[in-house]
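There are 2 protein chains.
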Amino acid sequence: MYEIIMEDMTKVKGRTEISELGEFGLIDRLTSRFGAQCKSTIFGVGDDAAVLNASEKEAMLVSTDMMVEGIDFDLTYFPPKHLGYKAVTKGISDIVAMNGVAEQVTISLAISSKISVEFLDDFYDGVAFAAQEAGVDVVGGDTSASVTGLTISVTAIGRAEKERVSYRNGAMEHDLICLTGNVGASYMGLRLLEREKRVLGDVPNPEPKFAGYEYLLEKYLKPRARYDIVESLLEEDIVPTSMIDISDGLASEVLQICKSSQCGARIYLERIPIAKQTNELADEMNINSVVAALNGGEDYELLFTVPLEMRERIMNLGCIDIIGHITSAEQGKVLVTPDGAEIALEAQGFKKQ
Amino acid sequence: MYEIIMEDMTKVKGRTEISELGEFGLIDRLTSRFGAQCKSTIFGVGDDAAVLNASEKEAMLVSTDMMVEGIDFDLTYFPPKHLGYKAVTKGISDIVAMNGVAEQVTISLAISSKISVEFLDDFYDGVAFAAQEAGVDVVGGDTSASVTGLTISVTAIGRAEKERVSYRNGAMEHDLICLTGNVGASYMGLRLLEREKRVLGDVPNPEPKFAGYEYLLEKYLKPRARYDIVESLLEEDIVPTSMIDISDGLASEVLQICKSSQCGARIYLERIPIAKQTNELADEMNINSVVAALNGGEDYELLFTVPLEMRERIMNLGCIDIIGHITSAEQGKVLVTPDGAEIALEAQGFKKQ
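From first to last, the protein sequence lines stand for chains A and B. Using our numbering, the first residue of the first sequence is number 1, and each one after it goes up by one. Using our numbering, the first residue of the second sequence is number 1, and each one after it goes up by one.
There may be inaccurate statements among the hints.
For chains that are exact copies, the list does not tell them apart, and a pair is met inside one copy or across any two.
[As the list claims (entries may be wrong)] Below are the BS3-like pairs computed for lysine-lysine, each with C-alpha atoms no more than 30 angstroms apart in a straight line:
1) Lys-39 / Lys-57
2) Lys-276 / Lys-209
3) Lys-209 / Lys-259
4) Lys-162 / Lys-197
5) Lys-39 / Lys-276
6) Lys-39 / Lys-162
7) Lys-197 / Lys-57
8) Lys-39 / Lys-209
9) Lys-197 / Lys-259
10) Lys-57 / Lys-209
11) Lys-57 / Lys-114
12) Lys-162 / Lys-209
13) Lys-114 / Lys-162
14) Lys-57 / Lys-276
15) Lys-162 / Lys-57
Calculated from the structure, these hints are not laboratory results.
So that you can see chain A by itself, here it is in the shape it has in the complex (with noise of 0.2 angstroms):
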């Protein structure tokens, strides 16, 4: 009914469901149609960010998310406040991961009427607590209304040296893997607010119970963007030779890197570190921690590789575990157990609910 004043826009035909493709392959085939002709591009789709030309010396990094209620978060538990504290740390984690210093914000809202003006501030309160914490500017953002739900967008723009800038696909043989802090602890925390939810919907004034696990939600609502690491790498003046952030989770951030690098990676699974409330938890739970910790997600460590040579500065910086390295493309993506068992690694992606 539009060929009139489009001709070349064809009409849709067939159906296929998303589903069919999973996420990673429907980005794939979304944006393999995507090159640069802008000379100020110098890097596109496939990594945590957009790099842009700034200045002879400097990049721009802008990198964009989507939170969407139902899916990415539940308003029954999530308070607005923390909400707008963790789009914040989306948004700064992707320039993070590049390596990069975040220095503006953009925040859009698609807003249902039964969002008050009340529950807007305090979701602005965190927004503006986290922009502050991060030395971030505000600097723009939408609003519309919504039909159902709130959808929530963030673009985050930050900076680096170019030299300095760490891309997904660096990594070569022999490289260390390094993962900031711990991983898993998101995903605990996630697991006992649904379990508090399920059980105490219908009672009224009900009292959860969190005692022991504060840390584990603290990960999960409010948890902080790694940019102290970003600060320390470049005091020792080291650059990565690859990067990313563990947002899906580390099994699949471990695939994405070799994906990029083409290259293959050896994890040890006794060197995943893994925080004590999230085992406590994983066992009042019957949940296996290392599952919590390879493909829960929502963790906003950073996951990188550098030069075996380098061993000992990583080591120096605190913090940092070694917990595999870098091989040939041929010899696979493997997790090895204590007992040196080989696992294939998986991504399963973080579901959130």
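We have chain A; now place chain B onto it with these hints.
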């Protein structure tokens, strides 16, 4: 219940409906808390795009927009390819409105299960088509699931010499108020599509009557951002004292410039450019075409001001109408009818559905 992890975050109190504040009131309230702390932020919230420091001479421009199904578009008659095209236009238009050249966009989507891969293929074909046409690279995005409906978020990135950036706040008394193209056509295109949807809702194999109104459909479904004007202004070495794009409607944009520039404005009704098809369909549908022109919105034309002495040079550019002039704030914002009567300009915004 979350005081445990962040004492400084207080609970939500009271409930004020967003409708009590209105869109502009809400934005003012929410953004008032954001100042600039980064030295790379030249201008943050409150214009079509944020202005960031790129190099000594150049600024980067960043803008973000959201489009929500059922609010901003209706998929029963909006072809996905046009929707992709229009999303890019919406982003680019904000950069153009700062007198900048758009160079990159990112597109994020929240996708419900009713959306097929073929739909997304078409959508991204439209994105690629618009980007190619405008010389812009698609450098990223995010996809998320959605419980209901499609939400699109666009971020546009552009560049301008710092001294050529046009803000909303630079209009001076006696400046000429200039408008590109014509206004009201997009709104009438929407009204036509809505009429045919109503009439043909239950008809099998509907054959909508669009003949003679193709221009209106194109202005609504597939508008092109006025990047050609930015080029013309550069060639003629003209820097508008203020500029804004027509997204919410001519009246609303005039008021925005007056608010930012702390001035008044006189707009002459008979000088407002309205296309022949706009007038014809308005007559047919018993709509006042002046109301469509003033309050319709989504024209993506440019409204700008230049000093009085540039009249000749503006006239030489072609396709630009001088529709009024800037006055002192005390003289108010008025629409002058052909018989000399003065009507206070009011912004209704664009009520789409």
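Lys-114 and Lys-162: within-copy, between-copy, both or neither at 30 angstroms Cα: Classified as neither: same-chain Cα gap 45 angstroms, cross-chain 42 angstroms, threshold 30 angstroms.
Intra- versus inter-subunit Cα pairing at 30 angstroms for Lys-39 with Lys-57: both (15 angstroms within a copy, 18 angstroms between copies)
Are the CA atoms of Lys-39 and Lys-162 at most 30 angstroms apart within a copy, between copies, both, or neither? both (15 angstroms within a copy, 19 angstroms between copies)
For Lys-57 vs Lys-209, is the C-alpha pair at or below 30 angstroms within one copy, between two copies, both, or neither? Neither: 52 angstroms inside a chain and 57 angstroms across chains, both beyond 30 angstroms.
As a check of your reading, is Lys-57 near Lys-276 (CA-CA no more than 30 angstroms) within one copy, between copies, both or neither? neither (43 angstroms within a copy, 52 angstroms between copies)
At most 30 angstroms between C-alpha atoms: does Lys-162 with Lys-197 qualify within a copy, between copies, both, or neither? neither (47 angstroms within a copy, 52 angstroms between copies)
How would you classify Lys-197 and Lys-57 at a CA-CA limit of 30 angstroms: within, between, both, or neither? So Lys-197 and Lys-57 fail the 30 angstroms test inside a copy (51 angstroms) and across (55 angstroms) alike.
When no copy is named, should Lys-276 and Lys-209 be tagged within, between, both, or neither for a Cα gap of at most 30 angstroms? within (18 angstroms within a copy, 68 angstroms between copies)
Same-copy or cross-copy closeness of Lys-39 to Lys-209 [CA-CA at most 30 angstroms]: neither (56 angstroms within a copy, 45 angstroms between copies)
Treating 30 angstroms as the Cα threshold, decide for Lys-197 and Lys-259: within, between, both or neither. Neither way: Lys-197 and Lys-259 sit 38 angstroms apart in one copy and 47 angstroms across, limit 30 angstroms.
Copy assignment of Lys-57 with Lys-114, given that the CA separation must stay at most 30 angstroms: The answer is neither: 48 angstroms in one copy and 46 angstroms across copies each exceed 30 angstroms.
Under a CA distance limit of 30 angstroms, which applies to Lys-162 and Lys-209: within one copy, between copies, both, or neither? Answer is neither; intra-copy 48 angstroms and inter-copy 56 angstroms both fail.
In summary, the numbered hints that this structure violates are 3, 4, 5, 7, 8, 9, 10, 11, 12, 13 and 14.
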